[in-house]
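Q: For reference, the chains in residue letters:
Number of protein chains: 2
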Amino acid sequence: MAPVAPRSGDAIFANVERVNAELFTLTYGAIVRQLLTDLEEVEEVNKQLDQMGYNIGIRLIDEFLAKSNISRCIDFKETAEVIAKVGLKMFLGVTATVGNWNAEGTTCSLILEDNPLVDFVELPDTCQGLFYCNILSGVIRGALEMVSMKTEVTWIRDMLRGDDAFELQLKLLKQVPEEYPYKDDE
Amino acid sequence: MAPVAPRSGDAIFANVERVNAELFTLTYGAIVRQLLTDLEEVEEVNKQLDQMGYNIGIRLIDEFLAKSNISRCIDFKETAEVIAKVGLKMFLGVTATVGNWNAEGTTCSLILEDNPLVDFVELPDTCQGLFYCNILSGVIRGALEMVSMKTEVTWIRDMLRGDDAFELQLKLLKQVPEEYPYKDDE
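Protein chains in written order, with the numbering used here: chain A, 1148 to 1333; chain B, 1148 to 1333.
Calculated from the structure, these hints are not laboratory results.
Hints should not be assumed to be uniformly reliable.
Note that the list lumps identical chains together, so a pair holds whenever it fits in one copy or between two copies.
[As the list claims (entries may be wrong)] Calculated pairs, EDC-like style, for lysine to aspartate or glutamate (alpha carbon to alpha carbon, straight line, at most 20 angstroms):
1. Lys1214 x Asp1266
2. Lys1232 x Glu1164
3. Lys1297 x Glu1225
4. Lys1318 x Glu1210
5. Lys1297 x Glu1228
6. Lys1214 x Glu1188
7. Lys1224 x Glu1299
8. Lys1194 x Glu1292
9. Lys1297 x Glu1260
10. Lys1232 x Asp1310
Chain A on its own, in the form it takes in the complex (with noise of 0.2 angstroms):
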């Protein structure tokens, strides 16, 4: 359907400008020290952050979009594929693998291979609770949410809460495919 081939996002990210990243990883922990410092509770620093990645998630999607060739996306299934092999390497240089399909084609999981913003983090015994990389949630909340997929994003497993992945549920609450105004002919 696209007028131009995708792009990979190895191409794509290869030709972006990029900055360090322990750069990133320091200035995105010097965030989420403020507002735990700000906020007090986790739960609300949880929040926030979402939040924050939601506003990023809503403005990061016109970069996407311009510079992946990817236009629209056939179905959920197709969209969680792009996030996880484009999308992430794009923004992060990393990718996902997609997996846990309910059956219904509407919840599935995205499995980190890595995820440069948990660099040299460790969370104190005070911090049991919060999400660190919820940022993450929000901007793939927001992104999708302008392109008409209501969703609902968590992380189910956290390598800074013991478990031995990073593992973000995207699950498709509501679609509406004719909403967005992206045409095939660019």
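Place chain B on chain A using the hints.
A: Using the frame of chain A, we list chain B on its own:
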């Protein structure tokens, strides 16, 4: 003095792990917005950004020394050049020009040719007085303190305030040359 030749900023930047610059820019914007909401006073936000930068700088210096093969700068003049040509390049992918030296060689300016922190940023009228990029001055201050240079780092020109460039003034307050633990023979 160094056992291995120092590496150029370009060479290092090409080989470190990186993330998408737009993601970094939007994430940084989210921090600033968050601080403006939480702290209300612009002056407090300036202080907080500087402090966050300082906390990042005192950690980032380790990666800088490890990756750059720069073991020690002879004087403040050389230090300023290294920040401008290697440090900024390595972390943000940009370089700066060093100028406006005072007669004593203790004060100079870094004039930034490009500044990825401010892409897409416009300050509303309510944010006059905000030093949006204050995290960067904090990073430099923190990093220099770890190599025994106590400095004051302030924005002299700021394009978000209508100036024609970004100019960061570095003022050396105190230098304790033999205090730091890095050896020439690593």
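Q: Evaluate each hint against the coordinates.
A: Hints, verified against the model:
1. In this assembly of identical chains, the alpha carbons of Lys1214 and Asp1266 lie at most 20 angstroms apart only when taken from different copies (17 angstroms versus 27 angstroms within one copy).
2. In the homo-oligomer, the alpha carbons of Lys1232 and Glu1164 lie at most 20 angstroms apart both inside one protomer (19 angstroms) and across protomers (18 angstroms), since each shortest distance falls under that limit.
3. For a Cα distance limit of 20 angstroms, the shortest separation of Lys1297 from Glu1225 inside one copy, 16 angstroms, qualifies, whereas the shortest one across copies, 54 angstroms, does not.
4. Taking the closest pair of Cα atoms, Lys1318 and Glu1210 never come within 20 angstroms of each other, the shortest separation being 24 angstroms inside a single copy and 39 angstroms across copies.
5. In this assembly of identical chains, Lys1297 and Glu1228 lie within 20 angstroms of each other by CA distance solely inside one copy; the values are 17 angstroms within and 50 angstroms between copies.
6. Proximity of Lys1214 to Glu1188 under the C-alpha cut-off of 20 angstroms is found in neither arrangement, the shortest distances being 38 angstroms within a copy and 38 angstroms between copies.
7. Within a single copy, Lys1224 and Glu1299 get their C-alpha atoms as close as 15 angstroms, which meets the 20 angstroms cut-off; across copies the closest is 53 angstroms, which misses it.
8. Taking CA atoms no more than 20 angstroms apart as the test, Lys1194 paired with Glu1292 passes inside one copy only; the shortest distance there is 17 angstroms, against 35 angstroms between copies.
9. Taking the shortest Cα distances, Lys1297 and Glu1260 never come within 20 angstroms of each other, neither inside one copy (25 angstroms) nor across copies (41 angstroms).
10. In the homo-oligomer, the alpha carbons of Lys1232 and Asp1310 never lie at most 20 angstroms apart, since the shortest distance is 23 angstroms inside one protomer and 42 angstroms across protomers.
When each numbered hint is compared with the structure, violations occur for hints 4, 6, 9 and 10.
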